[in-house]
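Undergrad: The chain contents come next:
There are 2 protein chains.
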Amino acid sequence: MSCAPTKNKADYTLYLVTDRTLMTTDTLEQAVSQAIDGGCSIIQLREKDAYSRAFYETACRLRSLTRARNVPLIINDRLDIALACGADGVHLGQKDLPCKAARAILGKDFLIGVSAATVEEAVQAEADGADYLGVGAMHVTATKTNTRPVTPLLLSQIKSAVSIPVVAIGGINEHNIGELQNTGIDGVAVVSAILSQPDIQKAAQLLRQKAEELFHG
Amino acid sequence: MSCAPTKNKADYTLYLVTDRTLMTTDTLEQAVSQAIDGGCSIIQLREKDAYSRAFYETACRLRSLTRARNVPLIINDRLDIALACGADGVHLGQKDLPCKAARAILGKDFLIGVSAATVEEAVQAEADGADYLGVGAMHVTATKTNTRPVTPLLLSQIKSAVSIPVVAIGGINEHNIGELQNTGIDGVAVVSAILSQPDIQKAAQLLRQKAEELFHG
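Here the protein sequences line up with chains G and W, keeping their order. The first sequence begins at 155 in the numbering used here and counts up one residue at a time. The second sequence begins at 155 in the numbering used here and counts up one residue at a time.
Excised from the complex, chain G in its bound form (with noise of 0.2 Å):
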C-alpha cells in the first residue's frame, strides 16, 4: 500500500483545534503561527459560523502559514473548502458526511480524520477509511457541551480496538493531561488549553513537553 508523504509523516503529538471565540490574539494566523513555535504538529482548522467563502479565505491563509511550516492542515467537516484550499486533509465529526462518502470523492491520498466517542464508533470508521481517530469529549468544554466525557479507561479500549492513531480531545490541559498516561494514545488535541492562554508560545511547549513525555517517553 503506498501512502502520500503527509500522511505518513503526521505527527499527533500536540494537534491544535481552532476557535476564533476563545482566542485574545489579533488574527487567527498569529495564534497558529505561534502554537506552532510552541510545538504543535498539525494544525485543525474548525469554522462552525462562517459563510464559506469567509471560511474559504482563512484556510488559504492557513495553508500558506503552515505549509511554509512543513505542518499538516485539516479542515473541519467542509470537504469542499479542504480540497479548495490544497489542505492536507478534513476532520469528520459523526454529523458530518459520512467517512466513506468523504472517502470516494477525496481518494487515498488525503488524510480523513473521523470524531469517535466509542468503541463501535472508532472500528467503524477505521473500516470505512478513516487515518485517524479524535476521540472524545475526555471532559465536558465550552466547545462541546452536549457530550458525555469519555473515560481514560474507555479511551484505552478504543485506541486498542484499531489500529489508527488516536488523538484525545475535550477540556484536555496541563493539569489533567497527566490522566492519559498508558492509555496507548498517539497525541492531544486542544483548543483552549492553547488558544485562550496569554503566552500561546509557551502554553504550548508546555503541553508539548508533557506530551512527550507521555507519549513517546
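Hints were generated in silico from the structure; no laboratory data involved.
Since copy identity is lost for identical chains, a pair holds within one copy or between any two.
Capping the alpha-carbon separation at 30 Å, the derived lysine-lysine pairs in BS3-like fashion look like this: (1) Lys163 / Lys202; (2) Lys254 / Lys161; (3) Lys202 / Lys254; (4) Lys249 / Lys202.
Using the hints provided, position chain W relative to the given structure of chain G.
TA: Relative to chain G, chain W alone:
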C-alpha cells in the same frame, strides 16, 4: 467545446429552490415530487441550518427522486455534498466558495450556477466559469431580507451582458411574473410561490404555463 448532457439539456424555465421552513407538506420529497409533476424543470436543494450528515442524506433522497424523473439536481453552496450525492451541479452565492475555485475542483462537466445582483457580478461569474446565473432578489422576500431589489431593467441589462442562461429569483409569483416579460431571461426560480401553496402541483402548473408564455412564447 464539449459539454456534459445535463449541462446542455438543463431547462431553466421553472426552477424550484427548496426551503423547509416554508413547507406545508409532510416531506421535502413529497413537495419536490409534486412540484416536478406541476412542471418544475430543475431543483435546487437549499439547507442553510442542517448538519452536513442530514444535508447529505436529504440530498441522496432527492438525487434518487430527481434522477428517476430526469430533472437536474443542484445543491446550494455545498460542493462536497453535491459531489457526495452525485448531483448535477452546485449553486454559489456571493458569500459561498468562489466560482473559479469550485470550477477547479469540479471540472468542466459539472453545472455551476452563481448568484448575481449587478452587471459586474454577472460578467465576473461568467468569466469565472459559471454555467448560469441566478439574478435577484427581484422583490424583498422572507428568505432574502438583506438585499436591494433588482429592477426588471437591470435584469435585462444583466441578461444582455452575458451569454449564459439567466434565471430571475426573489419573491416571484403568479401575480408579478408578468413584470419579467421582454427581459430576455430564461426562467424563474421560486420558493414560496410553489412550496407554501396548498396545492403544490397546481401552483407549479400555473407558473409553468405563465413562464412558457413569457419566456418561450
